[in-house]
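**Q** Take the two lone chains, each set in its own frame, and fit them into one complex as the hints suggest.
Residue numbers (our numbering), protein chains in the order written: chain A, 1 to 331; chain B, 1 to 350.
Among these hints, one or two may not hold up.
So, partial list: chain B residues that the calculated Cβ filter (under 8 Å) puts toward chain A [as the list claims (entries may be wrong)]:
1. Met1
2. Ser20
3. Pro75
4. Arg118
5. Arg119
6. Ser139
7. Arg146
8. Leu262
If you want a taste of the chain A side facing chain B, the calculated C-beta under 7 Å gives, among others [unchecked claim]:
9. Pro8
10. Val22
11. Ile23
12. Pro48
13. Ser74
14. Val82
15. Ala84
16. Glu115
17. Ser118
18. Ile178
19. Thr179
20. Ala188
21. Ala226
22. Gly228
23. Leu331
Bear in mind the hints are in silico, worked out from the structure with no lab data behind them. Everything numeric in this text was worked out from a predicted model, so none of it was measured. All C-beta atoms in this analysis are idealised placements derived from N, C-alpha and C, irrespective of residue type, glycine included.
So the chains spell out like this:
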Amino acid sequence: MTRTLSAPVTVAFDYTRSTGPVIGRFLTGLRDGVLVAGRTSEGRVVLPPPEFDPVTHEPVTDFVEVGPGGTVTSWTWVSEPVAAQPFDRPFAFALVTLDGADAPLLHALDVSSAEDVSTGMRVQVRWSEERVGAITDVACFEPAAGETGGDDAEPTEAGVVATETPPPAPADPIQQVITPVELDYLYAASPEESAFYRGLAEGKILGQRCPACHKVYVPPRSACPADGNPTTDEVELPSKGTVTTFCIVNVPFLGQRIKPPYVSAYVLLDGADIAFLHLILDVPAEEVRMGMRVEAVWKPREEWGTTIENISHFRPTGEPDADYESYKVHL
Amino acid sequence: MRDVAVVGFAQRQMEEFDGSPTCVELLVPLFGELYEQTGWTRRDIGFWCSGSSDYLAGRSFSFVQAVDAIGVIPPVNESHVEMDAAWALYEAWLKIQTGEVDTALVYGFGKSSAGVLRRTLALQLDPYTMTPLWPDTVSLAGLQARAGIDAGLWDERAMAAVVNRSLTDAEKNEYAIRKGGSSVEELLDRPMYADPLRKHDCAPVTDGAAAIVLAADDKAREVAERPAWIRSLATYVDPISMGTRDLTRSPSAERSARDSDLDGVQVAELHAPFSHQELILRSELGLDDDVAINPSGGPLAGNPMFTGGLIRFGEAARKVWAGEADKVLGHATSGPALQQNLIGVLEASA
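One chain only, chain B, in its complex shape (with noise of 0.2 Å):
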């Protein structure tokens, strides 16, 4: 195996992008952030992926049109994920290992708010039996949280705590939509929402993009002091149907953890859109308590979609840089209550 890591995170998050959907506009600037920080120019990516989707942006080709924000002549390696970013820099990770390439920029992009999130959402479920309903992705979190607090696993003072955290921690976030800690009474006393979910349980919608730099062995040496090594990417699939799983479980997720080895995490960024979800994953990855979660506010704070995982490894791979932790976690999920899953555990040693 080469020795991968990320050496390069740009983002930009907002309630309300006014722009277009193919989100260009946005793009530029963060390819030339990376630019800066790689001291790089487009030449020197050996391969560009990105995750997005059409559905959000509500055209055709949408990620082909973004294409322009990297400058195709000469003709450029590139590839394309309808998902999360992250599973792009899984794609982009391995096409290194290949060796067919040394380095990659992965990015994501996407405009929530051009339609209705948690309506457009629908469409990723059983198109036979639950597409024609229209469950929408806030219900479906909704029934998974019910299903929790009935098995006496979690309460709403547990998913207040969570989010009371988060956005305490988000004041420090200058790129955070929803921000400002107050208390696990003050958040309890707010009205439902999706019961038993409230708003702040909910990821807000976000608009945004964001993009990584991976690099291998010294290529990542040449550009940063303490580059943050990949030591391990896992990604499992649970099955969609919402009957046949256990909702307060997730399996994926689980299995990607005894895939790695967590010993020793100091950081995790994970990627719980909803509060619930978060006390989930951290029983499904064994995290001790000394294990900071989401310290950058996480995604109950701002949540871009298909851009949402690929920050959570940005975050925590900037920890490493800073040298605040030598061994970081970064989660991605996809699909209806955490369905999908991908871990991968970040050092400062390779």
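Excised from the complex, chain A in its bound form (with noise of 0.2 Å):
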């Protein structure tokens, strides 16, 4: 048996930014198939485009077209890519600076070995078919159609060269990008966690006493939240509690899975000094009261896992209400 439980965990999240003139200039360009770089007041000619000059520190309003050829100034061989990269094979990345421009741009090159890039190689942009107004507008870089490449050979001048792809019909401007973001972990539970999932695949439920001060925490925690002190004792807790306080429920959200309205509340077992979450159900959501005593319905035993969903809700037991007294220090 390992040491500690854990489960793959992907956090995703569609970041929407809003560009502002400046990169929102560079992105409505790339989406209509030209590089636009921005001139600084030292006149330098920098893609992408900075929004504020850096000596200035006045916007940046200078705009220039550049490439679509360019020099690669440095570049490094990515022999292991990783999700969501330009490529999931081999590839460089590669500074260039395009044709017409002082700054390199950072981005993909597609070569098919690490032999086949070198600084000072001409390279020319590889367009993505379908074209959004982001970075990933430019697929990549490759090296440059009808030049030999090396340090010899001649820049264009910027402009002159024709991009492959008509520009097409004028649209809107970009003023927005969504950038998706996805990470996947492996999480791992801590030893005491471990063990409270373990013991909830038996069917029970295990806390953790703080050997100072005694309170014995549910959900355990490592430590003793109230003083730091580790928590060595493991305690198993009955399946009976006291509602300590609830919310009803009444907005639908993403993936939820009961229909509202619908009942969640701190349960504080008998013996434990923290409460936990979870649900009130088999009774009326305006009779759920503070104090009310209830006990875990566990699912069927051959459902059961490492996880609190062995319990799927609480039901109240029909017991008095539990004194306001008792349960008032763990509000």
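**A** Below, the structure written as structure tokens:
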């Protein structure tokens, strides 16, 4: 048996951001198949254009089209690509100074091996088939067609090389960009949490007691949040407890499993010093109250796993309500 | 200015921590060690400050969970930075300077192995023009290493020499997770990983935690025979764009050094997670050849995220406590390719 339990977890979110006028101009250009750089007060042509001038701090308003040819100024070989990179096979990341620009752009370079890339080599933009106004509208750079590459290749003047893609009909400028982010983890429980989940798989509710202040925590904590002592004593708790506080859920939300209205409540198990959140069912929502005595309703044993979901919900026991004094310090 | 010293240090480093990413389990014994070193209890600590990241943990408010390791009844004075805990040390030092508190415990923690570290770190980049390409940290360091090689500022041999010295020194460090020197030739014979970087040029993915105790004036003298007095702390930041700065330089490190008196520094613990970055830092800081660099083995031997910089300050302070040095330097970096830098000078005399 491993010391701790773990499970894969994926955290994903689509970040939606407004672009502002400068990045918006750059991304609008990408959608339309042109590379729009900014000219700084020192006369440098920078791609992507900086929003504010690095010297005067004024907004950048002077835009210049550059590329689509360029020169590699640095590169590295990605031998083991990670998820969502431009290629899922080995490729190069490169800094490419586009013709007409003074500062390089970071992007992928599509070559089949590290032997096929060198500093100073001539490259050109490969556009994505579908362009939406994002940095990924540039699919990657690729070795320049018809150029031998190497340091002696003459850069072409900015704007002289026609893009392969004819400019599409003008559309609204890009003002917003959506960046999906997805991260995969192997999430481990602490040793105490692992004991808790293993206990649930056997129909037991296990907490931990602080050796100093004797408070009992369920789900267990590695250290007593009150005094910082490691919790050393395992305690088995009963399935019965008291509702300390609750709310009636009326609002539907994504992923909701029960039809509103229903009750989410803090249940203080008998002998525990911290309440935990669970559902109160088998009773009309308006009858749930502070002090109500409840008990865990376990799913059929064959459905049990190392999960809190083994307890389907809590339901009233029918006992008289607990005295307010008995739970007021746990609110 | 108040005289503030490093008077306690404890750390853990490991390849793969099998516990919860909240790291409470690691922090409790670390705090215990620090109570032992100082003779204090948690009630003697005036301010707590941590460095960590939810992106590393894969859960929200992981730093709030970590507060369990302190115990918060009665309430504690607490803060957090989403940076290496060396910057938490900076905040704690400022807090002591205000006169509000006399002591502080600074801690950092992170379980880098829970996700794919070099990928997760792409989230610290420009979200419009960089993150969508997921440029991993190792690739960005590779671009920087190549730029210096092409410019003739260093070569693979110089990088391998940094690695060989680090891994040789790491043999004496019980916390190092990569150790064992060989020779520059043997290292150069190993395969490329992110050309021009070999795996040993890159700090190993490391889980861990570390903590440091700061104390002012007589409070420091009470608990340490030779407190490591913080003579200066300086931090600056370079633009995040990889295109608009000279990657072979680190102006923010140079500027931090300019704000510091580095004359007579005997030991420098440099937070260079890639071998060539140590070469950049040595040059930007103007360190003489007789300065001992990373005698602990440094980040190439172990580099827990959000802790690796703080560990440099702890390792530097230990040299002062032991009487092995009178003036030492701690350095921390954050961001891609040495974008953010923090330099602290510690001395045996206040």
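**Q** Hint numbers the structure violates, sorted upward?
**A** 1, 3, 8, 9, 10, 16, 17, 18, 23
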